[in-house]
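Could you put the whole structure together from the sequences, leaning on the hints where they help?
Protein chains: 2
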Amino acid sequence: MSSAEIGKTVVDLRQIAGLSAADRRHLGELLDTANGAELLTTIDDDLAARVLKAIPVPAGAGLLNELDAPQAAEILRRLGDSRRDSLLGAMAIDRAQVLRTVLSWPEDSVAAHMQPDVLTLAPTATVGEAVDQIRAHAADRPHDPTGAYVYVVGSDKALLGAVRLRSLVLTAADRPVAELLDAVVTVAPLTDVEEAAMTLIDHKLDELPVVDAEGRLLGVLTEDDAVEIAEEEATEDAERQGGSEPLEVPYLRASPWLLWRKRIVWLLVLFAAEAYTGTVLRAFEEEMEAVVALAFFIPLLIGTGGNTGTQITTTLVRAMGTGQIRFRDVPAIVTKELSTGALIAIAMAAAAMVRAWTLGVGPAVTLTVCLTVAAIVMWASLVSSVLPLVLKKVKVDPAVVSAPMIATIVDGTGLMIYFWIAHLTLPQLAGL
Amino acid sequence: MSSAEIGKTVVDLRQIAGLSAADRRHLGELLDTANGAELLTTIDDDLAARVLKAIPVPAGAGLLNELDAPQAAEILRRLGDSRRDSLLGAMAIDRAQVLRTVLSWPEDSVAAHMQPDVLTLAPTATVGEAVDQIRAHAADRPHDPTGAYVYVVGSDKALLGAVRLRSLVLTAADRPVAELLDAVVTVAPLTDVEEAAMTLIDHKLDELPVVDAEGRLLGVLTEDDAVEIAEEEATEDAERQGGSEPLEVPYLRASPWLLWRKRIVWLLVLFAAEAYTGTVLRAFEEEMEAVVALAFFIPLLIGTGGNTGTQITTTLVRAMGTGQIRFRDVPAIVTKELSTGALIAIAMAAAAMVRAWTLGVGPAVTLTVCLTVAAIVMWASLVSSVLPLVLKKVKVDPAVVSAPMIATIVDGTGLMIYFWIAHLTLPQLAGL
Chain C
1 MSSAEIGKTV VDLRQIAGLS AADRRHLGEL LDTANGAELL TTIDDDLAAR
51 VLKAIPVPAG AGLLNELDAP QAAEILRRLG DSRRDSLLGA MAIDRAQVLR
101 TVLSWPEDSV AAHMQPDVLT LAPTATVGEA VDQIRAHAAD RPHDPTGAYV
151 YVVGSDKALL GAVRLRSLVL TAADRPVAEL LDAVVTVAPL TDVEEAAMTL
201 IDHKLDELPV VDAEGRLLGV LTEDDAVEIA EEEATEDAER QGGSEPLEVP
251 YLRASPWLLW RKRIVWLLVL FAAEAYTGTV LRAFEEEMEA VVALAFFIPL
301 LIGTGGNTGT QITTTLVRAM GTGQIRFRDV PAIVTKELST GALIAIAMAA
351 AAMVRAWTLG VGPAVTLTVC LTVAAIVMWA SLVSSVLPLV LKKVKVDPAV
401 VSAPMIATIV DGTGLMIYFW IAHLTLPQLA GL
Chain L
1 MSSAEIGKTV VDLRQIAGLS AADRRHLGEL LDTANGAELL TTIDDDLAAR
51 VLKAIPVPAG AGLLNELDAP QAAEILRRLG DSRRDSLLGA MAIDRAQVLR
101 TVLSWPEDSV AAHMQPDVLT LAPTATVGEA VDQIRAHAAD RPHDPTGAYV
151 YVVGSDKALL GAVRLRSLVL TAADRPVAEL LDAVVTVAPL TDVEEAAMTL
201 IDHKLDELPV VDAEGRLLGV LTEDDAVEIA EEEATEDAER QGGSEPLEVP
251 YLRASPWLLW RKRIVWLLVL FAAEAYTGTV LRAFEEEMEA VVALAFFIPL
301 LIGTGGNTGT QITTTLVRAM GTGQIRFRDV PAIVTKELST GALIAIAMAA
351 AAMVRAWTLG VGPAVTLTVC LTVAAIVMWA SLVSSVLPLV LKKVKVDPAV
401 VSAPMIATIV DGTGLMIYFW IAHLTLPQLA GL
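Line by line, the protein sequences give chains C and L. For the first sequence, the UniProt record's numbering begins at 1 and goes up steadily by one. For the second sequence, the UniProt record's numbering begins at 1 and goes up steadily by one.
Hints listed in this document are in silico derivations from the structure and should not be mistaken for laboratory results. There could be a bad hint or two in this list.
Copies of the same chain are indistinguishable here, so a pair counts whether it falls within one copy or spans any two.
Claimed, not checked - Computed list of lysine-lysine pairs in DSS-like fashion (alpha-carbon distance at most 27 Å, straight line):
hint	residue 1	residue 2
1	Lys392	Lys262
2	Lys336	Lys204
3	Lys336	Lys262
4	Lys53	Lys204
5	Lys395	Lys336
6	Lys395	Lys157
Written as structure tokens, this is what we have:
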């Protein structure tokens, strides 16, 4: 994926930052426009941007001309202002204008990721005329893929509908395209790009048109781009769920310093939150000195609470990510999770009884441990079924409710439940 | 998504199992083939199978006729043998034969999810003849979508290549299709369906042809189906990462009993594994009695180890799921993670020092806690960077290395590290 063999030269593109000026010029010559553009589409946009930073501007502009507009824009967005302006300056004016339009939209909007240069037809065109126009459009843009649809617009440029390319193939040349018009799902340009991508995927669309407030067609989001965006979003969610910030670059290219920066913040936040377990335990120091066997079960009890909660939040965050559940489902979810939690509590209390008996801690501590594990399972079920949906409601990405966060929340509160139950059940603690 | 409004009747399809026989017949009548098929494509396959189980066989066969072959096969696969055979018996023989072929492949193979009824052309056909054949093919199959490609096969039926539908639109009618031939990426029928879906997505293909050992075309995997398969796989991975078995049905339809079954196995396995923390702590009972302050830090230390490990495994499992890393990368990964771990260990030791100081436990325990947190971070980094790749190597889904599993592994071993370091640094423990 990241090495290019051109002629006899093998270049490891990950080493590109270390090339001498002469080597970079040489690389620019080796990356002729056909091979080079092919290469840029197979590597990720971040690495592609580094290639364009390393080679001379005219060679880079030539390569960008061969890419489709959304990908060229993705790469340009990753470059500094001056390199971006020189590359755009070295391209044909029309093409540069199209790219500047895409680049002018906010990065998280669907418009910043759309294919802007879409063929439109009048509703009065016949199938034969449509085919002629498609041929002319494609001949002008040898490197822009023709989409799965052509779009039909009225005299006010408002989008009327779309005609599938395959419908044109299946229809006689003298019929008007207006007969073939499919209604289309559209989105506004400032729609969040991940939301737009999920709309396209959920509706199994080939393309999603972007229209302005007057209904005019600005461009289309393609299925390939939508799938790539959804994949990236799933990766970011997975990383948040693991308790770190999203890396934003492929793992193998992330340096230890970058990994450190993405991870240390959450580790310290969780450490600070977990630190109060020390305070809780110090408060119950006398209880532990009186019945030291209580300490044996601390990791087991809080671990079970964390595991129970993690199972729930992971399922809920994924169900939210794929649009299966919403805030209005909270009562149904909490009921379902507390019912499940009750069944799990019974099973885990039985397991805890076996374990306490094998450790030989006596009936009073055994009872305490069994009651505690049941109570912690119920508590973890409640917290973890409510928290992700509440966060979503207040516009925080629910994927930040990671396994480590749930474990941290349940650890301290679980310990308080433990010692409170111990006070009720252990005669040794009666006087404390 | 799951309620159907037909005429004046609103049916909550989740309640379908509870309908009376008369209501089911009525539902079968309401679901006329046009509305009904539209409905079946919007609900998930599991619910669609329950609808087909509830309504009379002829109505069900009529609905299945309107769906594309891969989806019809998905739904039939979810029915019992007798209902499946009656539905296939009530369909046109050709169509039933096509579906039986798809159903005969193992469920996890790409062939079980392909579109089997693909138009093929001879290489000598002209563009005009190709368009005529496409029209005839589409006229015979009003409900099967025409694909993005037509395929060209030799006299031995071996696949020679594919012609994009859009190329046919762009080319004069008298040119031979052989001039428009694109080389294609193909897969064998028994290829794992998730692997095939990722191949299609990574190469940004519209369709992926499935060919047998002689190179004959058996069918194609479509982009829509590949995206759906990849989404389902990502959901299963997320659920495994959260420490439970995949649900396999949409969350809101999972009963507490189903949730219990999917979750309790891992909870009990993890409980049994975590149980040895009790043995470890009992073994160090005297140390805890001598220096009870050691117990204050147990949740904090093992929690930090679990968090560090979870960050790493989540990132690695996702990177493996998207094909970014392989077993041969183990040395690079371990080096990277131990370097990152060293940086994290320094920061966390500093945080631990602050915390121990605020709890007022004295310099010796503070030193023990700082050294332990650093050692646990390094240990967690090592375990969690190696484990997912080793599991993948021995053909276990690395997604089972969940946050709870890493936490469990690190908890017990982390406690041993803690008390071992305590022995070295605490004079009170010298004699024990």
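Now the hints, each set against the structure:
1. Lys392 to Lys262: both (22 Å within a copy, 26 Å between copies)
2. Lys336 to Lys204: Classified as neither; 31 Å inside a copy, 40 Å across copies.
3. Lys336 to Lys262: Answer is between: at 14 Å across copies they meet the 27 Å cutoff, but 35 Å inside does not.
4. Lys53 to Lys204: Intra 37 Å, inter 26 Å, cutoff 27 Å: inter-copy only.
5. Lys395 to Lys336: within (24 Å within a copy, 34 Å between copies)
6. Lys395 to Lys157: neither (36 Å within a copy, 56 Å between copies)
Comparing the model with each earlier hint shows violations of hints 2 and 6; every other hint is respected.
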